[in-house]
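**Student:** Using the sequences and the accompanying hints, generate a full structural model.
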Amino acid sequence: MTTPSRWRALTRHHLFWPVAVLVALLLVNVPFTPDFFAIHMTNGHLYGSLVSIVLFGSPLILVAVGMTLVIATGGIDLSVGAVVAITGALTCSYISDQADQDSLSGVFLAMGIGLVAAVVCGLWNGFLVARMGIQPIIATLIIMVAGRGVAQLITDGQIITINSSPYQLIGGGYWLTLPFSIFVVAAVVAVTVALTRRTALGLLVEAVGGNAEASRLVGIRSRRIKIMVYVFCALCAGIAGLMISSNTSAADGNNAGLWIELDAILAVVIGGTSLLGGRFSIGGTVIGALVIQTLTTTIYTIGVPTQTNLVFKAAVVIVVCLLQSPKFRAKVFGARARVTAPAEPAAVAETAPKMEVS
Amino acid sequence: MAEPQPVLEMTGIVKEFPGVRALSGVDFRLFPGEIHALMGENGAGKSTLIKVLTGVYTLDGGTITLDGKSVRIASPLQAQHAGISTVYQEVNLCPNLSVAENIFIGREPTRAGRIQWKRIRSEAAKLVDRLGLDIDVTAPLSSYPLAVQQLVAIVRSVGTGDSDGEGSGTKVLVLDEPTSSLDRDEVLELFRLMRQLRDEGVAILFVSHFLDQIYEICDRMTVLRNGTLVGEHMVRDLDQVGLIELMIGKALDQLEELHDHQLHADVGESLLKAEGLGRNGGIAPFDLDIKKGEVVGLAGLLGSGRTELARLLFGADQSDAGKVTIGGKQVAMSAPNDAIGAGIAFCSENRKTEGLVPDLTVRENIILALQAARGWTRPIPTAQRDELVAKYIKALDIRPANPEARVGQLSGGNQQKVLLARWLITQPKLLILDEPTRGIDIGAKTEIQKLVVSLSEDGMSVLYIAAELEEVLRLSHTIGVLRDRKLVAQLTNGPEITTGKILETIASGEHQ
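Note that the protein sequences, when read in sequence, are chains A and B. Sequential numbering of the first sequence, starting at 1, is according to the working numbering. Sequential numbering of the second sequence, starting at 1001, is according to the working numbering.
Think of the hints as simulated: they come from the structure by calculation, not from any bench. The structure presented is a predicted model; accordingly, all values stated were derived computationally and were not measured. Just so it is clear, CB atoms sit at the ideal spot from N, CA and C, and this is done for glycine as well. Careful: at least some of the hints might be erroneous.
Anything over 10 Å on all C-beta distances counts as not near chain B; from chain A, calculated [stated by the list, open to error]:
id	residue
1	Thr11
2	Leu15
3	Ile39
4	Asn43
5	Asp102
6	Gly173
7	Asn255
8	Val317
Just a sample of chain B residues kept apart from chain A, beta carbon distances all over 12 Å, derived [to be verified]:
id	residue
9	Pro1032
10	Leu1093
11	Arg1119
12	Leu1127
13	Ala1139
14	Pro1140
15	Phe1191
16	Leu1193
17	Asp1219
18	Leu1263
19	Gly1327
20	Thr1446
21	Lys1450
22	Lys1486
23	Glu1496
24	Thr1499
Ranges of calculated distance between the beta carbons of each label pair, as one might list FRET restraints [stated by the list, open to error]:
id	chain 1	residue 1	chain 2	residue 2	range
25	B	Thr1377	A	Phe56	31 to 37 Å
26	A	Leu275	B	Pro1381	29 to 35 Å
27	A	Arg12	B	Gly1249	32 to 38 Å
28	B	Val1071	A	Val304	47 to 53 Å
29	B	Val1071	A	Thr33	56 to 62 Å
30	B	Val1071	A	Ala20	37 to 43 Å
31	B	Lys1069	A	Gly133	50 to 56 Å
**Tutor:** Below, the structure written as structure tokens:
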């Protein structure tokens, strides 16, 4: 294989652009923070910008991984932020009612209650979408709006603070020199990949998202699959909720996981999964979430003024999305490449040509 | 008499795709006021040539001359501006808009930035009237059957190029398989419109798999094979046998083989019995008995209830009367799952919308039904999966023989084979084929018919639906005749049954 063709194969890989963007964003930090890539050990814990990016990005990765499967079926889940809040609120309020907040059994029970609530939210979403045939964006809007109210009810409109060292481990603790949440994320991602690619779930999800009617006629129980992915997505959001409330040792019904659904959708799209459904990539989503978290970190390290940081973020996201578009790349990079190509008779095609072979 | 100047001349057209030379140096010309057929098997390069002409693809070599001037067509829009309009097999209009809006969509007459709705309506009405069509332009497009929608698409393309409603800016009209879902009357109406446009001087490029239609309407034809030009002939100078030989590049042995084929006699016990099965608005209650190893053909006009009957047997639609027994046991057909569990497979007539998942690979599409039956927790082991897929790709000669190819990129005939493979690996007892040969070339057609014969010889029952009566007659032991959403007769095939007889039954609605 010649070098150019190997290069072309690399650029055609579906993770090439997300990874390229991530690397570029990381490099942007170096002039501002020369020891950006340095990782050092303090008190047996690893510290460094890279570790922080993964740590702070953990909840987003979890939510985005769940969102990927929902989007792959052609749906969308706007309720994940509210589910984050509900889970955190329930768990923290249960722990705060305990006499001994450090009791392991109490903490496990609290987490169980929180996650069951998340699953119930997922079942409700799945029921509305798969059984009632309500459009996903509307169906999940219900919990997006009402869920925050529920979380406020649970916390009585207050921010509940707790003081439980076992619970703090999930989002704020360390294990084997690394933040514990990194292990949680790794486990969830590994389980998701195994669940979708080691079984036939991934194929069936892609079939349902790729052509719903054909899937029905081929005997796929698509309702069941849809309910499953909404429950899974809510469960991921629930774990993210535990992580966020654990990290701050507090449950804030109002602000926990606020707008995380939008970042998660963005992460999925940056990762190369189409919002129309069908093909999905968990690896791409993880990269996408890291891109967004790196972007947030970069905004702080390069000192973008707070009042303009949303504008800055939006600008970068636009560039990332444009880079991902084959049409845009053909227009910008393709046009230049063609000058050197031998006598091309016609201009760039409007649509990317599809190969038709028989 | 000196030959008139061609309106369109394509010379030395080359189009390459990664790994495939779809067109190698094809010449093609089109004269004003003629209907010209582009003939060839699937994959011969017809679609590619049309897409080059209409700007969907950019060509890799050769020149296009329009009205004596060399042109470069880089986009469908440029093609339209140059006077080349296209109507595809699937109507690309907006069903929720009115007919008039559809005719003018994208080029609405405006005054001071405001769309002149009144003018759109009146001009659309004038255009429709001039073309001798009886269509209410204010009604939503979806209120008309597909055939009329297709006529509207043609009206729209003829109206392109000028918005003052006088004459037509279209010099070349490309019709890609417009008749594949039309019934006889609708085809006649289409042909009337085509002749009128031809007499007005429009050059029409017509693609159809129905040879009879080619011979009925076309003046001249160009034959392609494997991306090269085989020849250009006046239709009256070339008979059908000669044409088919040009298209497939060999004599008609394999076709004749099928003509001589004898229906095998060992039809077994009853497999599926439908009693009083029906659905309001779909099909009137009917009784049907399908035996093991039997081919039951369904004949009837488009919309006579053939598809509706098949869908009830598969549970794709729910029946509101009657029952189905399979192997003596009653089966509640509430969803396709129930039918699949009972050993029924269904290849829908709409490959794209109800059959394939275009983004998935050939392999994934082939194993989908089997995998769905096994459930998501039990994936087919990789080795077994690859072996099965390879076996069926080979057995059905699916091209390219690459299990990783995206199904959406395959030609129609190969897509149909992928669908067949999907169901054959589930080893069904009853295979329902709804128009399996529609829109595919004669070679693939023959292969699929031969497959049906050999499957039934091996004991599989087949319910076969086809618009072409010869096909039904050739393959079926029993022929169910439908008319106006009613199963009006069941004829046992024999020497006295002819297409004429079936037509009579359809026409009279009763069995003599």
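**Student:** What hint numbers does the structure not satisfy?
**Tutor:** none
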